[in-house]
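Build the full structure now, drawing on both the sequences and the hints.
Position one of the sequence shown corresponds to residue 765 (our numbering), numbered consecutively onward.
Don't take every hint at face value.
Beta-carbon label-pair distances, calculated as ranges [stated by the list, open to error]: (1) GLY856 - THR926: 29 to 35 Å; (2) SER927 - ASN1024: 54 to 60 Å; (3) VAL1061 - THR926: 28 to 34 Å; (4) VAL1061 - GLY806: 48 to 54 Å; (5) GLY856 - ARG820: 21 to 27 Å; (6) ASP949 - SER875: 33 to 39 Å; (7) ARG1031 - LEU948: 14 to 20 Å.
Hints were generated in silico from the structure; no laboratory data involved. Just so it is clear, the structure is predicted and the values come from calculations on it, not from any experiment. Even for Gly, the Cβ is constructed at its ideal location relative to N, Cα and C.
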Amino acid sequence: MNATARTTVTVTGGAGYVGSALVPLLLGQGHRVRVLDLFLFGENTLPAHPLLEIHRGDVRDGDAVRRAVRGADAVVHLAGIANDPSCELDPGLSQDVNVAGARMVIDAARSAGVRRFVYASSASVYGVAHDRAVAEDARTAPITVYGTTKLRVEQYLAGKVTSGFSAVAVRPAALYGYAPRQRLDLTVNLFVGQAVTRGEVTVFGGGQWRPTLHVLDLCDLLRTLLERGPAHARELEIYNAAAENASVAQLADRVVTAVNRRYGRVRSRVVISAAPADDRRSYSIDSCRAAGALGFVPRRTIEDAADALAFPRDPEGSRA
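Have a look at this one:
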């Protein structure tokens, strides 16, 4: 894609958590944007805009997908059942939506002559990695349905890359921060909600490691990937995306400190529960490839997100 030309970008799942932050960013850059979404969480997450085209539909519906990608220059595939716990509720449906749906979008995009495909994968493909921050060439060993679906789509997409169809998979860290379609189930966002409403953040275990990233920093990276040419025209590019790595207990401490600072007093505290966590995922990721190749430097912090979520007059964060 030419960064200076007006291009058409189809964003599947464009009304979701990431999409509701990405779409306004792309519109602000002058791109025409088509959103394909079921709008299960309402229709008020996207701004009215003359360059925005709405397609209500399911990524498993071939006709809906083909209409949404027809004439597009690029596709960002965000749609799917998000996160590990949600996928565990119905593994069969998760495979259908996340894998079969993604394949439908990939095949339709290729057939329509789309030249750039950006896939939002997940760092969950690594599973458990205790010894070091893993880079993109590390062994993938997902331990959840969600992580498995993400890896299967990466593998499928890798086999579809040609000189005329470049593709990239981004493996984001655990996201946090404000977006118009807000999610409070994400670890950092959940901790902020507990700190403000309960005065207590409960951590089960706490020793699990998580890479983290602000949702707006992910959107900046996705925009960069859309607006640059492929580094390797005939193979799938893969990039990790994280701002930092920390234990869950450390994340809780930082959230509580940030909330207490804004209130000017001790409003909340962290409680470590001895009960074992159900979530066995524990890993750290290395984002040096994205930093070197793309100039990826996250600008927002957990403290920014805590400020914005607890005091929403400035939803993007005071230092964003």
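Right, here's what the structure says about each hint:
no.: 1; hint: GLY856 - THR926: 29 to 35 Å; verdict: holds, 32 Å
no.: 2; hint: SER927 - ASN1024: 54 to 60 Å; verdict: holds, 55 Å
no.: 3; hint: VAL1061 - THR926: 28 to 34 Å; verdict: holds, 31 Å
no.: 4; hint: VAL1061 - GLY806: 48 to 54 Å; verdict: violated, 34 Å
no.: 5; hint: GLY856 - ARG820: 21 to 27 Å; verdict: holds, 24 Å
no.: 6; hint: ASP949 - SER875: 33 to 39 Å; verdict: holds, 36 Å
no.: 7; hint: ARG1031 - LEU948: 14 to 20 Å; verdict: holds, 18 Å
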